[in-house]
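Protein chains in written order, with UniProt numbering: chain B, 1 to 510; chain Y, 1 to 510; chain G, 1 to 510; chain L, 1 to 510.
By construction, these hints were calculated from the structure, which means they are not laboratory data.
Copies of the same chain look alike in the list, so a pair counts if it works inside one copy or between any two.
The calculated DSSO-like cross-link candidates involving lysine-lysine, where the alpha carbons are at most 27 Å apart (straight line), are:
#1 378 x 393
#2 78 x 378
#3 435 x 503
#4 378 x 462
#5 188 x 126
#6 378 x 272
#7 503 x 287
#8 188 x 78
4 protein chains.
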Amino acid sequence: MACDETGLTHACGVFACIRADGVSSEEVDVASVISLGLVSLQHRGQESAGIVTNESGRFHQHKGMGLASQIFQEQHIKSLTGNMGIGHTRYSTAGSSELVNCQPFVVDTIHGQMAVGHNGELVNAKALRKKVLLQGTGLSTGSDSEVITQLLTATPPCGEPDGANWPGRIYEMMQLTQISYSLVIMTKRCIYAVRDPHGNRPLCIGKLRNLTDSPQFSRLGRKIMHNGHDSDISKDHDLGWVVSSESCGFHSFGASMYREVKPGEIIELTAKGINSVRIVPPQNPEKPMSFCVFEYVYFARPDSMFEGQMVYGVRQQCGKQLAIEAPVEAELVSTVPESATPAALGYSLRTGIPYVEVLTKNRYVGRTFIQPSNRLRKLGVARKFGPISMNFKGKRIVLIDDSIVRGNTMGPIIKLLKQAGAREVHIRVASPPVKYPCYMGINIPTKEELIANRMNADQLAKELGADSLVYLSLEGLLNAVQVGIDDSADRKTGHCTACLSGKYPVQLDW
Amino acid sequence: MACDETGLTHACGVFACIRADGVSSEEVDVASVISLGLVSLQHRGQESAGIVTNESGRFHQHKGMGLASQIFQEQHIKSLTGNMGIGHTRYSTAGSSELVNCQPFVVDTIHGQMAVGHNGELVNAKALRKKVLLQGTGLSTGSDSEVITQLLTATPPCGEPDGANWPGRIYEMMQLTQISYSLVIMTKRCIYAVRDPHGNRPLCIGKLRNLTDSPQFSRLGRKIMHNGHDSDISKDHDLGWVVSSESCGFHSFGASMYREVKPGEIIELTAKGINSVRIVPPQNPEKPMSFCVFEYVYFARPDSMFEGQMVYGVRQQCGKQLAIEAPVEAELVSTVPESATPAALGYSLRTGIPYVEVLTKNRYVGRTFIQPSNRLRKLGVARKFGPISMNFKGKRIVLIDDSIVRGNTMGPIIKLLKQAGAREVHIRVASPPVKYPCYMGINIPTKEELIANRMNADQLAKELGADSLVYLSLEGLLNAVQVGIDDSADRKTGHCTACLSGKYPVQLDW
Amino acid sequence: MACDETGLTHACGVFACIRADGVSSEEVDVASVISLGLVSLQHRGQESAGIVTNESGRFHQHKGMGLASQIFQEQHIKSLTGNMGIGHTRYSTAGSSELVNCQPFVVDTIHGQMAVGHNGELVNAKALRKKVLLQGTGLSTGSDSEVITQLLTATPPCGEPDGANWPGRIYEMMQLTQISYSLVIMTKRCIYAVRDPHGNRPLCIGKLRNLTDSPQFSRLGRKIMHNGHDSDISKDHDLGWVVSSESCGFHSFGASMYREVKPGEIIELTAKGINSVRIVPPQNPEKPMSFCVFEYVYFARPDSMFEGQMVYGVRQQCGKQLAIEAPVEAELVSTVPESATPAALGYSLRTGIPYVEVLTKNRYVGRTFIQPSNRLRKLGVARKFGPISMNFKGKRIVLIDDSIVRGNTMGPIIKLLKQAGAREVHIRVASPPVKYPCYMGINIPTKEELIANRMNADQLAKELGADSLVYLSLEGLLNAVQVGIDDSADRKTGHCTACLSGKYPVQLDW
Amino acid sequence: MACDETGLTHACGVFACIRADGVSSEEVDVASVISLGLVSLQHRGQESAGIVTNESGRFHQHKGMGLASQIFQEQHIKSLTGNMGIGHTRYSTAGSSELVNCQPFVVDTIHGQMAVGHNGELVNAKALRKKVLLQGTGLSTGSDSEVITQLLTATPPCGEPDGANWPGRIYEMMQLTQISYSLVIMTKRCIYAVRDPHGNRPLCIGKLRNLTDSPQFSRLGRKIMHNGHDSDISKDHDLGWVVSSESCGFHSFGASMYREVKPGEIIELTAKGINSVRIVPPQNPEKPMSFCVFEYVYFARPDSMFEGQMVYGVRQQCGKQLAIEAPVEAELVSTVPESATPAALGYSLRTGIPYVEVLTKNRYVGRTFIQPSNRLRKLGVARKFGPISMNFKGKRIVLIDDSIVRGNTMGPIIKLLKQAGAREVHIRVASPPVKYPCYMGINIPTKEELIANRMNADQLAKELGADSLVYLSLEGLLNAVQVGIDDSADRKTGHCTACLSGKYPVQLDW
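Given only the sequences and the hints, what does the whole structure look like? Please build it.
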């Protein structure tokens with residue numbers, strides 16, 4: 001999708017960090033690491049962010065609206081003391097942009113404070129909400145993450161004997177809802193990292209490295225290849241551990257990818273190390289693994305790793321696949337800066353048509369801009385881009401986009417390119433048409449707004465002023481995803497394509 | 001230069017807009033156009049911005065600290081009424097970041113209000129400042145732009161007969177100082193666009209187009225080729241005119257490049273059209289034209305046009321030239337996102353070594369970030385980038401940068417790439433070493449801070465951990481600039497290379 | 001107490017408004033009335049404020065830190081639509097000054113949204129908190145008002161049959177805790193106003209008047225005299241009703257005092273009128289009524305009415321009583337501006353010693369001021385006052401204060417007066433010494449900080465540099481309170497003097 | 001005048017402080033003292049404030065919009081180093097509320113930096129402005145204070161020989177304009193305090209006291225009595241000196257009143273002491289002294305001293321005089337809080353009618369409040385006050401106001417009192433009717449807006465709903481002012497009554 005301002009919105013990011021016993025706060029400043037972690041997950045949500053730390057059972061928190069780098073100032077980081085903590089960054093929706101919705105949610109329980117950060121969306125949120133309300137608990141927000149939080153304390157009531165058995169309570173909660181969530185949960189004693197049994201949202205574990213020692217990433221490769229034992233507790237001298245929605249920012253705070261949290265897995269992190277407590281199987285064994293394919297297509301940062309492969313590689317592979325499926329005679333391949341560049345380079349690599357830049361992006365165009373006059377309104381989204389006309393005047397362009405959702409940004413760009421001298425503009429979309437709503441954490445426009453429900457590729461080409469337009473096939477996308485998956489591990493793969501195919505991983509009988 | 005936070009800083013941007021007689025404010029909203037113009041010049045300065053409009057001699061103004069898109073809200077734009085106006089965006093320096101320094105400067109004169117926006121720096125500012133002070137005028141700021149403003153009213157005193165002869169006064173001012181300035185000056189009656197006799201800073205004129213008519217840029221080409229008459233007043237139905245430091249944003253407010261303001265030229269813009277009042281020759285005929293070569297190398301936006309050619313083209317040419325001068329055996333060419341991409345693509349084009357992305361940029365890393373702990377401090381600037389290791393593991397990289405000034409950002413990046421598996425990293429710099437201070441508008445670090453004064457290319461390669469490092473030669477750079485210059489016009493070309501060669505366009509005997 | 005910055009802090013204010021059926025929102029804008037109501041209760045808490053309105057079951061809210069007049073801007077008032085609403089203003093304590101604590105608390109229940117505003121403090125908060133936590137409800141704040149909110153939904157669980165019987169649920173809650181609270185509770189259907197069975201905190205009902213008709217207050221008198229029937233529903237054409245902690249601001253939004261909510265009473269307000277649902281008797285019949293005597297002494301605004309009398313009158317009476325108990329030879333009576341003026345005028349009236357101003361208050365001295373140099377530190381609180389020396393030079397002053405808590409503001413003032421020429425300064429305090437903590441909503445310093453626990457009146461006089469110092473006796477205070485009480489109604493009177501006498505209205509065995 | 005929001009606005013305040021040689025910055029922190037000084041002058045202007053300090057010729061400044069206590073934070077005070085400085089607080093007018101107008105004005109001159117703070121208004125500002133503009137100096141603001149600043153550097157041009165003779169330049173400036181200004185001027189070497197030859201605006205000198213020594217104000221009396229020698233330089237060990245528009249805040253930073261600056265006097269303050277450089281006589285000897293009588297009536301703080309007497313005393317005397325001129329049968333005397341309290345107490349003292357409070361002021365009502373609904377609009381300004389009805393029900397009130405300007409605040413208050421039970425309300429105004437504009441620094445409404453130009457006292461009484469209304473006579477006011485003037489000094493007295501009498505101190509032929 002060419003431009004952020006229209007289309008899908010992301011599904012939050014969660015993060016956690018714990019410092020190993022015997023490591024000083026100068027070596028590993030938990031709040032700094034979490035704050036850097038949230039900055040690295042910022043693309044997953046820019047509305048608000050929060051950090052909660054745990055200092056011997058006493059929680060400290062700071063939350064705010066906006067970007068993590070603005071919210072967490074020096075004085076906040078200093079006040080967020082403790083040897084462990086969790087963080088959350090939230091995506092922006094139209095209506096309920098209020099501080100009260102900021103995560104992590106923090107509540108007092110009979111067993112001390114608890115904090116919860118959630119990425120995902122409960123498909124049966126409505127029923128669970130009713131369940132909590134019927135138990136007599138008032139809910140302060142409309143958020144399903146608050147529902148999870150109250151389920152964790154209320155089912156069974158944590159006042160009962162063995163109430164402090166948090167893994168048990170997490171297990172009970174997982175019986176009530178199966179998709180989708182990646183959670184970080186902090187109690188007074190430790191942190192739990194939990195991924196739903198379908199593995200719908202990503203979640204991975206990293207190990208904090210001593211930064212004086214050298215090459216990490218060469219070793220990283222091997223590490224990923226060879227890990228895979230369920231309860232493997234790190235034996236060497238550790239600095240600590242992180243949990244993150246994506247691995248992309250690991251090097252920015254000196255961490256190495258350790259492994260992904262497995263679908264249904266409950267990981268416990270203490271100052272002594274990590275432990276895989278339990279793996280909860282999906283209730284429907286027919287559909288064991290349903291990792292969101294759009295994380296590959298659009299959401300995740302290209303340098304993140306899922307299922308043993310880099311997101312960048314999948315995108316490039318999508319471009320190559322697109323070249324096979326939908327060749328076109330042209331002088332150059334390009335893209336609208338900058339999310340589809342890997343796919344464009346893949347298309348170029350496969351076809352031999354040179355990759356060339358056709359547009360400059362003005363990074364200073366604000367999101368909410370002044371109401372333009374009648375005349376200026378016609379310029380629309382093209383205001384954000386400058387044509388590098390020397391590169392394409394009189395030439396035929398293959399313009400790669402990663403996805404088309406609403407379809408209202410590409411038209412003005414094609415017009416801009418043609419006015420600047422492009423002879424032909426052929427659109428190639430590195431993913432299939434988006435036709436169905438997502439109930440698992442992605443904010444997709446209504447069916448009516450999804451352009452693929454209103455016209456087919458040829459009609460859309462005409463509407464946009466393109467000389468042709470072809471989407472990648474669903475099979476092509478799934479092939480591209482498979483190419484690089486590391487199956488040396490005992491990994492189950494399987495992807496949710498609901499928004500493209502209408503096939504949902506669980507029944508939606510709510 | 002890889003990263004904004006170290007090195008050269010820009011030299012402000014100026015903008016002006018006037019609406020033609022008979023055109024409604026709904027068609028051309030002067031304040032909206034200026035605000036869009038400043039957004040398109042934002043890369044030239046992000047500290048503060050201001051707009052002054054003229055409503056039948058009554059001036060309205062709004063200024064603020066920060067980015068244009070934040071400063072100019074709907075209500076400000078609405079209050080900035082009038083049929084003409086000027087704007088300014090200012091660069092950020094360490095100390096004097098105060099509202100009082102925001103331009104345009106507005107003063108009352110005996111002939112009504114006057115506003116001045118200035119891009120550049122007076123080499124003899126100190127002497128002129130003394131001159132103004134000796135006349136008994138107190139100066140409120142340390143800015144040489146205020147000196148220009150007071151010179152314009154005071155020399156000769158505008159209380160004298162013929163005091164309202166503004167072109168005459170501008171001419172007098174140009175006799176007192178010759179370099180460097182591009183000015184927009186608004187009086188109660190009209191706007192003047194002025195470029196210093198050496199043409200050191202850019203300034204160009206655009207024509208506001210009716211946006212209902214179709215392809216512009218194809219026609220644009222011809223227009224640029226064939227214009228060149230001194231006092232050519234537009235005959236067709238005009239909407240109005242703009243003046244801008246760069247042409248990059250013209251399409252964003254529906255303007256076409258008309259031509260550049262010539263060195264020494266005084267252009268008058270009224271509601272009736274534009275008029276070239278006079279061309280002031282340089283006092284030293286030996287050095288007639290000295291356009292800053294660094295505008296090509298680094299400052300300007302790649303889609304801007306200078307001397308009939310696109311900046312992007314020059315940068316690409318620099319890459320090609322570099323490929324000739326400094327070949328290297330490698331598997332891939334890349335760059336640090338994103339200013340050196342054109343040069344890298346040029347290098348790739350000339351050598352046939354494929355262009356590949358090696359780093360992702362995290363756009364959410366704030367400028368002023370929290371003080372990291374000891375451990376995190378070692379990560380430095382690399383915090384901003386994520387390695388796309390799959391693209392370069394085990395391979396040799398030619399990494400193109402546009403310039404090296406302080407040299408403190410490249411080291412951590414090379415380290416990051418090597419840790420992520422790069423076999424070799426060869427740095428190729430698409431400009432010669434920066435060795436001398438600039439007194440004409442560029443904020444260059446002290447001689448001691450310029451890394452090229454402390455070590456040669458080989459020493460620097462060693463320091464940075466690169467396997468080799470080669471700069472583009474000065475001749476190579478000048479050749480690259482010449483390739484695309486449009487000399488069909490009666491254009492004089494010539495470039496200031498003071499910061500590279502130490503040869504200044506004027507004598508510095510102050 | 002002379003100065004706000006030291007001593008007791010207030011106990012919040014609650015407010016509610018409902019518009020009668022058939023009245024337009026232009027006539028009675030509920031949000032505007034609440035906002036004016038909160039401004040009139042601002043002296044009860046300046047930390048934060050919130051308004052929640054109810055538009056056919058859909059709640060709208062706006063909360064913020066600071067003063068009501070800053071928090072509620074035009075746009076907020078406009079968005080707070082509905083025919084009923086409640087508001088809250090919160091006092092400032094040192095630590096937990098966070099938005100999350102702002103009231104009213106709003107929760108979703110199985111029977112729709114509910115909002116709660118609370119003035120007071122539960123003496124058994126800790127036990128009730130544990131009860132809620134044991135039921136498995138996580139609590140987001142440390143506030144006992146959240147405990148009340150969750151008790152209201154959870155005990156019995158509102159999912160049970162008859163769960164929407166809110167008066168029943170309120171009754172249950174009142175069985176669990178008896179002191180202290182004045183509550184406004186809004187459900188999707190109506191508003192409840194509740195006062196604890198001991199009547200510890202004030203709460204009164206007002207009727208919105210049509211502002212075209214004339215004299216209100218003459219009629220007001222009669223109204224108060226003659227009301228007193230339990231379920232009296234207003235028969236005449238009503239505009240609507242308000243509920244407020246104090247009656248002081250009634251005229252500012254065109255309301256008349258109707259009557260006080262009785263101890264233990266649950267009042268229901270609907271668009272049809274008001275109804276007294278039930279009166280819950282105190283569990284301990286020995287101590288039936290315990291209205292906080294410090295509301296008279298210091299907290300309430302002088303133009304508020306409690307128990308049929310004006311607060312101003314009680315304060316004046318305290319001054320008269322003090323004159324009887326502690327006469328002194330002096331030329332003038334005065335006070336530190338401005339809370340003790342009524343008492344000072346009362347003292348003057350009784351003794352015939354003229355009342356004179358001795359100090360001017362500088363209203364612009366901020367709360368948090370810059371750290372003064374060593375020399376300036378000595379000036380302390382006197383910085384806030386200017387001596388009107390011409391009024392007292394060479395004379396003996398009786399300086400009346402309403403209370404002395406920490407005792408650290410009077411010293412510098414006496415010094416200031418003496419330096420400015422006062423011959424003698426005799427302190428007379430219009431209330432007994434404060435010696436015991438309050439657990440019912442007043443933030444009293446620790447026992448050690450209460451000066452009356454460290455020295456007697458004579459020692460204190462010496463410490464402060466006063467020529468004498470006498471407190472009002474407890475009997476004197478209780479007499480002064482009784483003088484004006486309207487006992488024509490079936491009113492039970494009785495006052496809590498715990499902070500003065502150590503006799504608490506309920507047993508503190510928690 | 002009862003309420004700030006309508007009527008006259010003030011005329012700024014100026015302040016200066018210099019530390020004596022040998023005194024440490026810990027003893028006398030110049031910036032702290034100035035900041036406290038501005039807080040004490042805050043009633044003279046609340047729009048903006050600024051401080052400029054001088055550290056060995058290098059000026060530091062901080063300015064901001066709003067109140068001094070908000071503008072000057074700890075970090076600003078710390079950065080405002082130096083042994084001398086000046087400050088300014090500016091009043092709020094409708095239009096030009098911009099930071100650029102904040103004083104002190106700071107300019108560079110050929111002899112170093114200069115800063116100017118101005119209280120007053122030049123009657124010939126327009127002509128002088130033209131003079132400056134004709135000299136060729138552009139002016140950045142519409143402020144006459146900037147005109148003074150540029151006159152000081154330009155006439156004669158300070159580039160001429162002897163240009164650094166600042167007293168000479170100040171003298172020249174005083175020849176060009178005679179009324180009205182009280183100035184503090186700081187050069188790189190020292191501070192000048194200047195009062196116009198007619199003494200229209202106040203200005204006084206204070207001496208910083210060592211705060212360990214005791215009674216100040218008893219000695220202060222004598223000091224004022226006996227000083228009067230032209231060039232008296234303090235001989236004892238000094239801490240430093242302050243200059244201030246009013247003496248009211250002196251005790252808040254530990255200063256004692258030394259004496260007033262005389263009309264036309266130029267005082268020089270250095271680290272060695274103070275020196276009276278020169279006294280410039282008025283050009284028109286017929287009208288030698290014209291101190292603004294409204295400083296006594298309304299502007300100044302009651303604890304300030306002018307001409308040897310306290311403002312409070314004059315106001316009380318006005319009340320007494322009013323009692324003689326306009327007696328009335330009534331049960332009580334009162335006022336609208338709180339500026340007319342001294343006059344009301346004076347009226348009470350003379351007549352024996354007891355002084356009683358009738359209104360409580362709600363200090364939390366903001367200036368700009370939400371747009372009320374139709375119904376609430378009728379309540380108007382009365383929203384700010386609560387009636388203490390028990391004090392006046394059925395009684396006749398004499399309500400004293402200090403002045404009536406627009407007359408639109410008193411009506412609603414009378415209505416409020418009558419509705420609350422007042423039998424009669426008789427207005428007595430402690431100053432004559434305001435009928436003429438002021439051109440000397442007071443922002444008076446237009447002639448049409450001045451109620452006294454539209455109706456006489458009886459008509460106004462009827463309009464306002466008062467039972468009677470009488471103004472103090474002009475003779476009565478002038479008598480009241482004379483009673484306490486200290487004429488033991490060689491003091492010339494004389495007062496400007498232009499706004500009351502239409503007799504201006506200088507001819508207005510511009």
